[in-house]
Amino acid sequence: DAGVTQSPTHLIKTRGQQVTLRCSPKSGHDTVSWYQQALGQGPQFIFQYYEEEERQRGNFPDRFSGHQFPNYSSELNVNALLLGDSALYLCATTTDRELTGELFFGEGSRLTVL
Amino acid sequence: GNSVTQMEGPVTLSEEAFLTINCTYTATGYPSLFWYVQYPGEGLQLLLKATKADDKGSNKGFEATYRKETTSFHLEKGSVQVSDSAVYFCALRGYSSASKIIFGSGTRLSIRP
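Chain order of the listed sequences is A and B. So that you can map any letter, position 61 of the first sequence is 61 in the working numbering, and since no number is skipped, the others follow by simple counting. So that you can map any letter, position 103 of the second sequence is 103 in the working numbering, and since no number is skipped, the others follow by simple counting.
Simulated from the structure, these hints should not be mistaken for laboratory data. Treat the hints with care, as some may be off.
Here are a few chain B residues that face chain A, going by a calculated C-beta distance under 8 Å [said to hold, decoys possible]:
#1 L44
#2 K100
#3 G104
Note that the Cβ used here is the ideal one computed from N, Cα and C, for glycine as well.
If we strip away everything but chain A, and leave its shape as in the complex, we get (with noise of 0.2 Å):
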């Protein structure tokens, strides 16, 4: 049984630029949400993602936005970098019948803007 798997593993961008990242959820998960955990934090909250809908969303502006796929892919996408955005990108999915259930993380997506 595959877990959460994330791509890419680590990237490097410029300030202004764009990027996607992608998550494919654990077999039998629905919800997916994005957080955002910089160097020596935890993980920041950034979206969560249920139907197809952004259902919940953290404190980050509208440069984060994402996208989740009938098959329960997802998507985040940040516009216009920051040097501030560099972080690691997890992505955690559940099923929302479990109303007390733990989120299984991906590795992440380490983002370096430059």
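Starting from the known structure of chain A, fit chain B onto it as the hints suggest.
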């Protein structure tokens, strides 16, 4: 809003020492509580969880008890090993299908042989 506060690190212990990492939370209603662990070079993984007051989560020798009266979920282990060196995150999820998981800032644990 919901929040989690955990003990600042780093924490350095000798092998076989007793470990406590403090975690307190603020939340409305009855959240679920978690400890996640991030080993070097790996992704976050669930260590243990508790979903209601007085529940005790346990795994790999680690334990934490959901204390509603003190709004705490402290992580303990009686005898740590070098392999326990990692970053530990306390987290909570409100009781709602739309609820996100909120993480503390993490505590880095290093165990000396």
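- Message: If you test the structure against every hint from before, which numbers come out violated?
- Response: As far as the earlier hints go, not one is violated by this structure.
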